[in-house]
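Protein chains: 2
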Amino acid sequence: MHQQELTGLQLIGNSFSAAGTQTFQAFAPLQQQWLPQTFREATAEEIDTAVKLAARAFTTYKKVPATQRAAFLNTIADNIIAAGDVLLETASAESGLPLARLQGERDRTTAQLRWFASLITEGSWVNARIDTGMPDVRQMQIPVGVIGIFGASNFPLAFSVAGGDVASALAAGCTVVFKAHPAHPHTSHIVASAIRDAVIGTGMPEGVFSLLHSTSHETGHQLTVHPLVSAIAFTGSFRGGKALYDAATRRETPIPVYAEMGSVNPVFFLPGILKEKGTTLAEQFLQSVTLGVGQFCTNPGIFVTTKDTAADVFVAGLQQHIAGMPAGYMLTPGILQAYNNGIATLQREGAQLLGAAPGAAQQASPYLLQISAEKAQEHPSLCHEVFGPSTLHISANTRDELYKLAGAMEGQLTATVHGTEEDLREHAELLDILREKAGRLIINGFPTGVPVNHAVVHGGPWPATTPAAGTSVGTMAIYRFTRGLCFQGFPAYLLPPELQDENPLNIWRLVNGKFLNDTNI
Amino acid sequence: MHQQELTGLQLIGNSFSAAGTQTFQAFAPLQQQWLPQTFREATAEEIDTAVKLAARAFTTYKKVPATQRAAFLNTIADNIIAAGDVLLETASAESGLPLARLQGERDRTTAQLRWFASLITEGSWVNARIDTGMPDVRQMQIPVGVIGIFGASNFPLAFSVAGGDVASALAAGCTVVFKAHPAHPHTSHIVASAIRDAVIGTGMPEGVFSLLHSTSHETGHQLTVHPLVSAIAFTGSFRGGKALYDAATRRETPIPVYAEMGSVNPVFFLPGILKEKGTTLAEQFLQSVTLGVGQFCTNPGIFVTTKDTAADVFVAGLQQHIAGMPAGYMLTPGILQAYNNGIATLQREGAQLLGAAPGAAQQASPYLLQISAEKAQEHPSLCHEVFGPSTLHISANTRDELYKLAGAMEGQLTATVHGTEEDLREHAELLDILREKAGRLIINGFPTGVPVNHAVVHGGPWPATTPAAGTSVGTMAIYRFTRGLCFQGFPAYLLPPELQDENPLNIWRLVNGKFLNDTNI
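Sequence order for the protein chains is A and B.
The numbering used here numbers the first residue of the first sequence as 1 and each following residue consecutively.
The numbering used here numbers the first residue of the second sequence as 1 and each following residue consecutively.
Treat the hints with caution; some may be incorrect.
Since the list gives no way to pick out one identical chain from another, each pair is judged satisfied if it fits inside one copy or across any two copies.
Below, computed lysine-lysine pairings styled on BS3-like, alpha-carbon distance capped at 30 Å [claimed, not checked]:
1) K514 to K307
2) K404 to K63
3) K277 to K404
4) K62 to K52
5) K62 to K514
6) K404 to K52
7) K277 to K375
8) K375 to K52
9) K404 to K62
10) K375 to K242
11) K514 to K404
12) K52 to K277
13) K514 to K63
14) K242 to K277
15) K242 to K52
16) K275 to K404
17) K307 to K404
18) K277 to K62
Quick caveat, the hints were computed from the structure, so don't treat them as lab data.
This is chain A alone, in the form it adopts within the complex:
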């Protein structure tokens, strides 16, 4: 079959499958029309087969040495690059995102794959711990099994088929059944094919990865309640994440759901810095609000100031500039509708429209809104995420009110404070409050743009993510898919290399309480 003919099918193990008869199409935001190609909805049998294959593959894949898993990840990255411009053009057609952004996203995606490959090649991530007393006990992280992963709409590459969730799950030694986001099925197909080729090319067991197409919540539910699935990873709306969480925790054998469910990412502008550089900050802030048509989980949906002249000037500046910010096409008609509904709801509940940018029909316009501190505290629902290029201003009358507003906020992916040294020293209590609210605290920066490294956290207290301790970006993401296994009294010939006396992998280990990477304990 030609590449073209293969699209529209599920990837079940290494085979493309066309059991279903119901179809759907993707939407081209820039053309505002449905793309001609049809994709088949996965059937219940296909889902079941994919999970069973993944469970069988796990029994082999969990024992594949890290260097081979790393080669698999690197090959996926190579294959994604080899897919060439077709991938970027397809993703652009299906998402409306510009090619340059998608090129950056592809770089991020392949960098993540290579990053996890190098993490597991180095090997210390398994947290090997050895206590040589009586009894002799040794511990390392092991993979948990089959992971059901859901693609996000807003990152057709980096949080999708070969995104951070898949990279970290495969790196950990887990197998994956992936539900593609129906907004970019063709993109998903191309990337899934890159993974399939890597599976075959590096000799990984069939079923280590499968891809399901679906527009139905039922597919996600079936995946989540399948007895052979051990954990779920999801990036999307609160409603979607919560439904999976409820299903997973009500199973006979509950499983963890690692759901990233969005955030309003409050930004606090303190008085001194607004006086010092309010104009620059206003410009930068509007950039952050409208970047990528505001379609980021870390988009700053709320900002807070305290009442003074500098704040008035700052808000007036935003009001003046918002009209000049670009409107844009959103990822799907559904997302646009939710955005416009969200803005209407805010206004109905008492938010005042301070300004907006003009946009063509079906474009999302940047909006600047405002509510009083009293209203914000009365109606916490005003502080829920409106996914898109809007931001809501809250003015605190007093410092006390500022802290109360911060304290009343729900869990967030990020919280940001802008301040001079004097501001920050004076408002130590604000930082103290915010550290209970977010996974990432930012000083004098903006929340959009999540670095991929060892120290980043892309997670936070409910309802930002569940559980609060998870992160879906950075190397810590791998621990969502592992647990510690303790080996007691194991003879040397049965120990995995990570735990052998000789430390053949030269990894860092906690040996009788001391960090060592010696070749011998």
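Got chain A sorted already, so can you dock chain B onto it with the hints?
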């Protein structure tokens, strides 16, 4: 007030509280009678006050330097020792456990407190990670808030008021509201007083620890659904843990429940080793089954052999010796009743009684039972925990059946295999299956006796614990009560010492991907 008069009351912050009017008494198993002293049931208001005090204390306690938290933990240990023989005698009266065992348990308890004190004094446990790129991001583990902790019946000291859960939560920087097990309220009171004196003596904020007495599930439920509680730790029955899990996951803001819900701890005896040393193993195994009247979460409730002469001889040996094993008084009348019901249910469902030890009235007798491999697979409920000194033999007809039995088992705290080198090499697949079933895999040992160190895991897949990745014993237990917080773009003067360039605490950190404990990055 004298110490004696204080018993029977709740400890709410640093004050003893007597709001309730309903009372209960503890049971003395050796005398088989209710102890005279009455204890008051905590009221809804007392629970609420305790949680609110804990939440307020958290805002201070989370910032207390580790060395001071360590001093607090060490002082608790000192005060427990200072409580002297009265503590041991009280615990013995309330639990029926011998003084020698309780002395050992007290040592374990104080050792755990000092162990966590030294862990946080050394400081590397916070997993500091620093990436100095643009943006500069740094991460460390921070405490999550107020922890509701439930005491276990079977360890009146080591898994109770100042047990591993409390030690790890306080070490992490969390505050604690503790629900004492009603089987040992006076013991709980003495230990709570030791903590209270340490709170006052080391200047910790009031509310860092409170103690509630209750016989009612409602108290545990109220604690679990309190909006200011951030996590729950529990050791006890599946039914109890599951009820808390359901309540916690159905909250408007769900919280994690770290529940250790018991286990049957299967032991597999392979053919070669039974031929080699079946007689010795039979003796050791019966010791493990009947130790402490079988009242351990790690008690081996099931053992599996494959059909051959050595296995017949082994089981015949057990059958012969079971009659000589000691019967004993269990912790409470309820636990005895559950044990006897469990034995009756096993027999009703088809288990055959191979032997039993005689016991006095109200004593729990050791039982040896047997079922066929077919029945074990048909009725998985036969493989549920019967808490007490019994064990159930399953004989597999073939190696295949042995693996099927292992594969059909639920999650366990431990799984054990006895084998010669030849046995173990031949049955590599069995170990492979069992590693998905347990938190601790044991070769040629017995599951009872859980070492306290860095490498141990006391946890395992559902229904042994939730989540599977948690451990309630060993230093990894601290991570149940923390999450990673990312500091982005923080100026030096706002960074916690753990993340400052100069590394003033000299801890191990992952700096730009390299493990370093240098004084400078």
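### Query
Is it within, between, both, or neither for K62 and K52, if the alpha carbons may be no more than 30 Å apart?
So K62 and K52 pass the 30 Å test inside one copy only (15 Å; across, 46 Å).
### Task
Evaluate K404 and K52 at a C-alpha cut-off of 30 Å and name the case that applies: within, between, both or neither.
between (51 Å within a copy, 17 Å between copies)
### Query
Are the CA atoms of K514 and K63 at most 30 Å apart within a copy, between copies, both, or neither?
both (28 Å within a copy, 26 Å between copies)
### Task
State whether the alpha carbon distance between K514 and K404 is at most 30 Å within one copy, between copies, both, or neither.
Neither way: K514 and K404 sit 44 Å apart in one copy and 40 Å across, limit 30 Å.
### Message
I want to check one pair: K277 and K404. Are their C-alpha atoms no more than 30 Å apart within a copy, between two copies, both, or neither?
### Response
Only inside one copy: K277 and K404 sit 26 Å apart there, 70 Å across copies, limit 30 Å.
#### Entry: Alpha-carbon proximity context of K52 and K277, limit 30 Å
neither (59 Å within a copy, 41 Å between copies)
### Query
For the identical chains here, do K62 and K514 meet the 30 Å Cα criterion within one copy, between copies, both, or neither?
So K62 and K514 pass the 30 Å test inside a copy (28 Å) and across (26 Å) alike.
### Task
Up to 30 Å between alpha-carbons, please classify K277 paired with K375: within, between, both or neither.
Cα proximity of K277 and K375: one copy only (29 Å, versus 77 Å across).
### Message
Please sort K277 with K62 into within, between, both or neither, judging by C-alpha distance up to 30 Å.
### Response
Close neither inside one copy (54 Å) nor across copies (34 Å); limit 30 Å.
### Query
Under a CA distance limit of 30 Å, which applies to K375 and K52: within one copy, between copies, both, or neither?
between (52 Å within a copy, 26 Å between copies)
### Message
For K514 and K307, with the copy left unspecified, which applies at a CA distance of at most 30 Å: within, between, both, or neither?
### Response
Answer is neither: 53 Å inside a copy and 46 Å across each miss the 30 Å cutoff.
### Query
When no copy is named, should K404 and K62 be tagged within, between, both, or neither for a Cα gap of at most 30 Å?
between (49 Å within a copy, 20 Å between copies)
In summary, the structure is inconsistent with hints 1, 11, 12, 14, 18 from the numbered list given earlier, while agreeing with the others.
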